[in-house]
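2 protein chains.
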Amino acid sequence: MADNGILITFSGPSGSGKDTVLSKLVEKRNDAKISISMTTRKPRNGEIDGTHYYFVNREYFEKKIAADGMLEYAEYAGNLYGTPKEPVDEMLRAGKAVILEIEVQGAEKIRKLYPDVVSIFLMPPSVRVLEERLRGRNTEDEETINHRLVIAREEIRKASDYDYVVINDTIENAVARIETIIDAERLKTSRNKKIISEVINNV
Amino acid sequence: MADNGILITFSGPSGSGKDTVLSKLVEKRNDAKISISMTTRKPRNGEIDGTHYYFVNREYFEKKIAADGMLEYAEYAGNLYGTPKEPVDEMLRAGKAVILEIEVQGAEKIRKLYPDVVSIFLMPPSVRVLEERLRGRNTEDEETINHRLVIAREEIRKASDYDYVVINDTIENAVARIETIIDAERLKTSRNKKIISEVINNV
Numbered sequence: 002m003a004d005n006g007i008l009i010t011f012s013g014p015s016g017s018g019k020d021t022v023l024s025k026l027v028e029k030r031n032d033a034k035i036s037i038s039m040t041t042r043k044p045r046n047g048e049i050d051g052t053h054y055y056f057v058n059r060e061y062f063e064k065k066i067a068a069d070g071m072l073e074y075a076e077y078a079g080n081l082y083g084t085p086k087e088p089v090d091e092m093l094r095a096g097k098a099v100i101l102e103i104e105v106q107g108a109e110k111i112r113k114l115y116p117d118v119v120s121i122f123l124m125p126p127s128v129r130v131l132e133e134r135l136r137g138r139n140t141e142d143e144e145t146i147n148h149r150l151v152i153a154r155e156e157i158r159k160a161s162d163y164d165y166v167v168i169n170d171t172i173e174n175a176v177a178r179i180e181t182i183i184d185a186e187r188l189k190t191s192r193n194k195k196i197i198s199e200v201i202n203n204v
Numbered sequence: 002m003a004d005n006g007i008l009i010t011f012s013g014p015s016g017s018g019k020d021t022v023l024s025k026l027v028e029k030r031n032d033a034k035i036s037i038s039m040t041t042r043k044p045r046n047g048e049i050d051g052t053h054y055y056f057v058n059r060e061y062f063e064k065k066i067a068a069d070g071m072l073e074y075a076e077y078a079g080n081l082y083g084t085p086k087e088p089v090d091e092m093l094r095a096g097k098a099v100i101l102e103i104e105v106q107g108a109e110k111i112r113k114l115y116p117d118v119v120s121i122f123l124m125p126p127s128v129r130v131l132e133e134r135l136r137g138r139n140t141e142d143e144e145t146i147n148h149r150l151v152i153a154r155e156e157i158r159k160a161s162d163y164d165y166v167v168i169n170d171t172i173e174n175a176v177a178r179i180e181t182i183i184d185a186e187r188l189k190t191s192r193n194k195k196i197i198s199e200v201i202n203n204v
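Protein chains in written order, with the numbering used here: chain S, 2 to 204; chain R, 2 to 204.
Worth flagging that the hints you see were computed from the coordinates, not collected in a lab.
Be aware that one or more of the hints could be misleading.
Copies of the same chain look alike in the list, so a pair counts if it fits in one copy or across any two.
Mimicking EDC-like on lysine to aspartate or glutamate, the simulated pairs with C-alpha atoms at most 20 Å apart in a straight line are [to be verified]: (1) 195 <-> 48; (2) 29 <-> 60; (3) 86 <-> 180; (4) 65 <-> 156; (5) 189 <-> 164; (6) 189 <-> 117; (7) 86 <-> 184; (8) 195 <-> 162; (9) 25 <-> 76; (10) 19 <-> 132; (11) 86 <-> 141; (12) 195 <-> 155; (13) 43 <-> 63; (14) 189 <-> 156; (15) 113 <-> 170; (16) 29 <-> 132; (17) 19 <-> 180; (18) 64 <-> 156; (19) 110 <-> 142; (20) 189 <-> 63; (21) 29 <-> 142.
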């Protein structure tokens with residue numbers, strides 16, 4: 002992995018505001034990029050290939066797996082989802098903070114493969130706020146909402162496995178906290194070995 | 002250790018500007034405090050007990066050691082120097098970032114005792130700049146300056162053992178970087194266990 006790039010996994014329960022926070026972040030910072038997942042599921046209305054996902058067929062996806070071309074992948078409801086290695090590596094080499102929006106299990110996999118990864122958990126200020134947000138969407142029935150809240154509690158219990166926890170009280174605060182994390186991670190000695198040796202050698 | 006306090010070791014070669022940077026930092030931030038060392042050496046002109054050091058006699062210092070009252074200590078040129086535990090613990094309980102300005106060996110000792118510690122290495126932009134700063138002081142002869150530069154190079158080689166490296170190009174930049182580190186460390190899940198359980202329990 003590049004000396005200066007930062008690989009970040011970003012998780013949080015449904016309704017925690019991951020998409021909004023990430024899109025504000027990359028709007029603000031040119032050194033932060035979101036990794037685009039690859040999937041074999043069909044695009045939904047409005048979804049654009051190369052923006053929301055790379056939409057591919059199963060044969061292509063399986064070839065990628067066989068060629069060790071996926072950082073991680075998993076199967077849900079008959080479809081494959083995963084993170085292609087190549088674009089991530091390329092952005093890391095360019096010194097970017099590369100963010101994988103990924104669920105709890107995927108983040109665990111990445112953590113085992115890349116001990117250097119920085120993991121961030123986005124959390125609602127309370128489960129009550131999460132409930133209000135889910136109801137506010139007006140897209141799900143009572144049963145679905147209750148199911149999502151059960152899952153959310155389980156996921157939040159996993160937050161302790163992450164390096165950082167960011168509370169999404171306001172989008173601006175949450176974005177600023179992630180920026181702070183990126184800025185601090187750039188000061189880690191493990192990412193500054195080159196500079197340390199340059200200082201010693203009087204470059 | 003308290004859930005929210007942060008223990009920080011702060012090292013850097015002679016002439017890197019540790020004192021100036023730290024005093025600016027604590028001036029700016031009420032949540033950052035410098036730990037005051039204890040020593041058996043006599044106060045120099047202008048040194049104030051309880052500000053620069055706690056000046057004590059050897060008997061008192063040795064009793065502290067025996068009572069497990071020192072975080073770390075070492076002997077130099079016939080004098081004992083060390084960090085008393087009690088004030089550090091008290092500031093940590095109050096949620097402060099407690100900074101121990103300590104040389105490389107002391108920082109290593111603390112790291113072994115407290116895996117939770119955050120270690121910061123302050124570095125000059127180059128050894129050349131360090132040399133200019135040491136000469137600029139006009140207090141040391143050629144031989145002393147050369148000796149200090151040899152030591153500085155050895156110390157900078159140890160920088161990789163630290164968590165973070167902060168380059169002191171300007172005091173303002175260096176202080177801002179340390180603030181970023183403190184802010185990010187406050188977002189570590191290990192320091193937010195209480196908040197995570199409150200969110201789950203809908204407090």
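Self-check item: Intra- versus inter-subunit Cα pairing at 20 Å for residue 29 with residue 60
Solution: Neither: 37 Å inside a chain and 59 Å across chains, both beyond 20 Å.
Quiz prompt | Intra- versus inter-subunit Cα pairing at 20 Å for residue 195 with residue 162 | solution = between (30 Å within a copy, 14 Å between copies)
Quiz prompt | Status of residue 63 relative to residue 43 across identical chains (alpha carbons, at most 20 Å) | solution = Close inside one copy (16 Å), not across copies (73 Å); limit 20 Å.
Self-check item: Up to 20 Å CA-CA - residue 63 versus residue 189, copy category
Solution: For residue 189 and residue 63, the Cα distance exceeds 20 Å both inside one copy (37 Å) and across copies (37 Å).
Quiz item: When no copy is specified for residue 65 and residue 156, does a C-alpha distance of 20 Å or less occur within a copy, between copies, both, or neither?
Solution: For residue 65 and residue 156, neither the intra-copy (29 Å) nor the inter-copy (46 Å) Cα distance is at most 20 Å.
Practice problem: Since the copies are identical, ignore which copy is meant and state whether residue 110 and residue 142 lie within 20 Å (CA to CA) inside a copy, between copies, both or neither. | Solution: Neither way: residue 110 and residue 142 sit 32 Å apart in one copy and 57 Å across, limit 20 Å.
Quiz item: What label fits residue 29 with residue 142 when the C-alpha limit is 20 Å: within, between, both, or neither?
Solution: Answer is neither; intra-copy 35 Å and inter-copy 51 Å both fail.
Quiz item: What label fits residue 195 with residue 155 when the C-alpha limit is 20 Å: within, between, both, or neither?
Solution: For residue 195 and residue 155, the Cα distance is within 20 Å only across copies (16 Å; inside one copy 41 Å).
Exercise. Measure nothing new, just compare the shortest in-copy and cross-copy C-alpha distances for residue 86 and residue 180 to 20 Å and report within, between, both or neither.
Key: neither (24 Å within a copy, 34 Å between copies)
Exercise. Using 20 Å as the alpha carbon limit, work out where residue 195 and residue 48 are close: within a copy, between copies, both or neither.
Key: This pair counts as neither: shortest intra-copy Cα distance 41 Å, inter-copy 39 Å.
Quiz item: Can you tell me if residue 113 and residue 170 fall within 20 Å by alpha carbon in one copy, between copies, both or neither?
Solution: Classified as neither: same-chain Cα gap 30 Å, cross-chain 37 Å, threshold 20 Å.
Quiz item: Can you tell me if residue 189 and residue 164 fall within 20 Å by alpha carbon in one copy, between copies, both or neither?
Solution: Answer is both; intra-copy 14 Å and inter-copy 6 Å each pass.
The earlier numbered hints that this structure contradicts are 1, 2, 3, 4, 7, 9, 11, 15, 16, 18, 19, 20, 21.
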